[in-house]
Amino acid sequence: MLTDRSLRAQITLLASGLILATVIALLAAYWVRTGDYTRQQIEHRMDSAQSVLEQYLLSREKLLVTAARVLTADFGFKQAVATLDTETINSVLLNHGERIDADLMVLTGLDGAILSASAGGHALAAPELAAAIGALPLRPQHSQLLRTEAGFYQVFALPVLAPRPIAYTVIGFRADRSALQELKRLTGMDITLLAPGGDPLATTFEPGVDMRRALAEAGSGEAAGLLGGASYVYRDFTLETLGNVRVLLSASLAEARAGFNRLLASIALIGGGILALSLLFSQVILRGITRPLHHLVGLTRQVAQGDFNLQASTAPAAAEFRELNQAFLRMGGEIERRENEIIYQAEHDLLTGALGRNTLLARLDDALHAGQTLLLLGVNILRFRQLNDAVGPDNADRVLQSLAGRLTHCAETLAGSDARCLVGRVGADHFLVAVPVPAAGSAGQWLHEVYAAINEPYVIGDLRLTLSLCLGYVEEAEAGVPARDLLRQVFIAAGAARNRPQRLRAYQRGEDEAYLRRLFLVERLKRALVRDDGALFLTYQPKLDLARGRIDRVEALVRWVDDEHGFISPDEFVPLAEQSGLIIKLTRWVVRSVLRQLALWNASGLHLGVAINVSAQDICHEQFIDSLLHELRESGVRHEQVTLEITERDLMDNEALAVEQLTALKAAGFRIAVDDYGVGYSSLSKLKQLPVDELKIDKSFILQLPESEQDQNIVSSTIELGHKLGLKVVAEGVETSAGLDLLRAMRCDSVQGYHLARPMSAEDLTQWYASYAQTA
Amino acid sequence: MTKIAPWLGLLLLLASRGLGAQTQFLVTDQRGQPLADAVVELGLAGAGPASPDGVFVMDQVDKTFVPRVLVVPRGAAVSFPNSDDIRHHVYSFSRANVFEIKLYAGQPKAPVAFPQPGVVVLGCNIHDAMVGYIYVADSPYTAITGADGRASFSELPGAVTSIAVWHPELAAGPDARVELAPAGDAPDEVVEVRLDTTEPSPRDTFEDLFRHAD
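One line per chain: the protein sequences are A and B, in this order. For the first sequence, our numbering begins at 3 and goes up steadily by one. For the second sequence, our numbering begins at 65 and goes up steadily by one.
Mixed in with the good hints there might be a few duds.
[Claimed, not checked] Simulated restraints on C-beta separations:
{"hint": "1", "chain 1": "B", "residue 1": "Leu167", "chain 2": "A", "residue 2": "Thr90", "range": "38 to 44 Å"}
{"hint": "2", "chain 1": "A", "residue 1": "Phe77", "chain 2": "B", "residue 2": "Val119", "range": "24 to 30 Å"}
{"hint": "3", "chain 1": "B", "residue 1": "Ala141", "chain 2": "A", "residue 2": "Ala75", "range": "45 to 51 Å"}
{"hint": "4", "chain 1": "A", "residue 1": "Thr88", "chain 2": "B", "residue 2": "Gln94", "range": "34 to 40 Å"}
[Unchecked claim] Just a sample of chain B residues kept apart from chain A, beta carbon distances all over 12 Å, derived:
{"hint": "5", "residue": "Gln94"}
{"hint": "6", "residue": "Ala109"}
{"hint": "7", "residue": "Gly110"}
{"hint": "8", "residue": "Ala111"}
{"hint": "9", "residue": "Val121"}
{"hint": "10", "residue": "Arg138"}
{"hint": "11", "residue": "Val142"}
{"hint": "12", "residue": "Ser158"}
{"hint": "13", "residue": "Val162"}
{"hint": "14", "residue": "Ala193"}
{"hint": "15", "residue": "Val195"}
{"hint": "16", "residue": "Asp239"}
Derived by calculation from the structure, the hints in this document are not laboratory data. Source: prediction; values computed, not measured. Just so you know, even glycine gets a beta-carbon here, dropped at the ideal spot from N, CA and C.
Using the sequences and the accompanying hints, generate a full structural model.
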């Protein structure tokens, strides 16, 4: 397609195509028109030649007839003819014939008999002549064509009047070439005279010319013209007045052709010249177009690559291109400006002007890799959302701006110039300041200055606001730890600063790891719960009923052995579960697993009660009771076999709701035990209100029971108190038989501990129970 | 050259009656129109030749021969006074008399004698249109028709042995005469003679012209 090609090709093609088309069209038009015109011209010439010829021949005829008439009217001639003397007649014919240059003189009597006949001085045979003459049409004013043995003559047959006709003369003139030559000169055409029968009488063609062929050509009626191959144009007409002599006009086309060819050659030459010129000029102009265009293309490439150092083209170019060039440069400048704007917006927090999180991290990494050692300070605004709600977003924004400003000021005061300190807003209410590590020892001072500065109240209009801020810092950050991790460390420190009086805390090494480990464990725990592939499993620790002396209950303890990290202590993962909300799922899992196991034991004839630890979150979960009952139904275990243990602390933390739920649970028939009793915040008054069945004395009191009198007192009075309140008491952590004996003496209801048995798997318990039952 | 044209089919025969004391001839052309200047020459048995006495005049008036046809007896002398104020050159190439009176004005020296009978066609060399005729008659009994085409003879002494009628426009040519057979004696009758005169209709070829001349 034409439009796909380069501009250069297009313009060149256009220019040359137009000119070629013009030249060809002109040539064609000329060809046709000139052909027409020339033919017309020739026709006209032939018309005038024909007129000239006719006129000439008619004039000549008039002359001749006049001459003939004068001759025949000559008295001497009449006299001679009247003598009827042959010799006289012969001589007078000769004489008078010479007077008028007649080629043929014939005298006939009134009856048509030839009296005398001579042509060019020679006598002619009479009979054929008489017949020929007799065949002549009677037209005294005009010539006829007479054929004799000597050839053709233009003849006039006139009566010799003396004064009545006494004889007829036939005076003949040969149609001769010289007259025709004169005519040819006049008309510019070749003339051929033909007798009616087709015999040529005279012609201006050179003797070498093939008359027959010319005649055939003329007769063929071929459309003669410049386009045809004929070399002549013919016109054929008959002169009736001249005895039906046929005239053939032949106009040579040679000259017309030559002229025509010259014209065509001129046009072609001119066309070719103009074409060449136009190609030349179009190339020149093109360069004036394509060069600036290339320059502009180069500019766009530069801009695309982000190089805004655009140079104007120095080459001469059309005004439009200079304009375009200027526009391009302007555009480049605009693009650069906008790009910078966008970059700024991408990198900065628009509200405060601080760096955005990603930019800050990147710059931190850069600075650290460049070898700088930085002090990183993180600021967390506590309860910012409440502040936002309280004073409105506009004011809150201004607070942020102000805070950022103060931080920047502090940073710059320390760092000296903007470039070496970084202030970033890394969260909605989190800021990070990075400064080069100040001179030895002055870091603490600076930190306190910053702390003081940003804890100053913020005055926004009429408002005087004080923020609750937590600050954490990393003292010496170096390359080796990614900025992302450093950021995390700073805010771990800030988080840990929360409970301190002065909320400014350095990051402790390992916290990050601990934090990460916690995150990791939560994930693994989730996975273990979902997969239920045995990473999580239950152990059972039997409880001995001291009064009856038999094992009737066990406590279910959850254990976790992770594939990768091995044994994870419940002291670690249970609090994690509680913090992350996984405890609900965990407890449910425990419940389900325990009930399943109970069902198995029941089926095998071993009837035990199981105590399940539940957390405050479980108790307070609205669906806890329903799901518990559901699981119970599913398993087919009776609720009397299930005891729910909840720590004293948990109870106290969520007192009201816990009481409600526990009441409902108790109403449903479950036993409730208070775990780790004695180390929580309960009061005696509360104790009596709680819908519990059992107290489990914390192991801290039992471990050293034989040795510690204090513990003994506490334990025995607790047991008594519990009994008095109608509660059973369990002691856990029994490790010695002495302790066991003591507890028995104190009339503790049940004991649990290593002395009795360690927590073991369900299978092991089954076996242990069997062996214990035998030995007991 | 005298040729007798035997075209009886073109002639009306005379009435059965013979010729009487006054014989009138009515000469008409082939269309029945009366022909003036027709000459009727009667040949009578036992008649002698005409007397050549008398003065005969062929004048030229207004470039015309006057009279157009002059009948003269054999041997008569005709004078040619030129009444025009221009000269004429009178000539004749007729066999009957070849003569010429070269360019003259007024009376020529001597009258011209016409010893031979026959038709003498006169022409003027200067004025090609001038044509005159002198009928040199053998018989004294020669009359010329007037405008009415009639010519009359009174008191013919004898029987008519031959009738010749001539007119300048005879189709056969000015040298020809039409011979009629006398048809008994029936006087007081008009003899009607119908002559073929030259038609003005065109002929196609000279051949036709020649044929008509025969």
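- Item | In rising order, the numbers of the hints this structure does not comply with | 1, 3, 12, 13, 14, 15, 16
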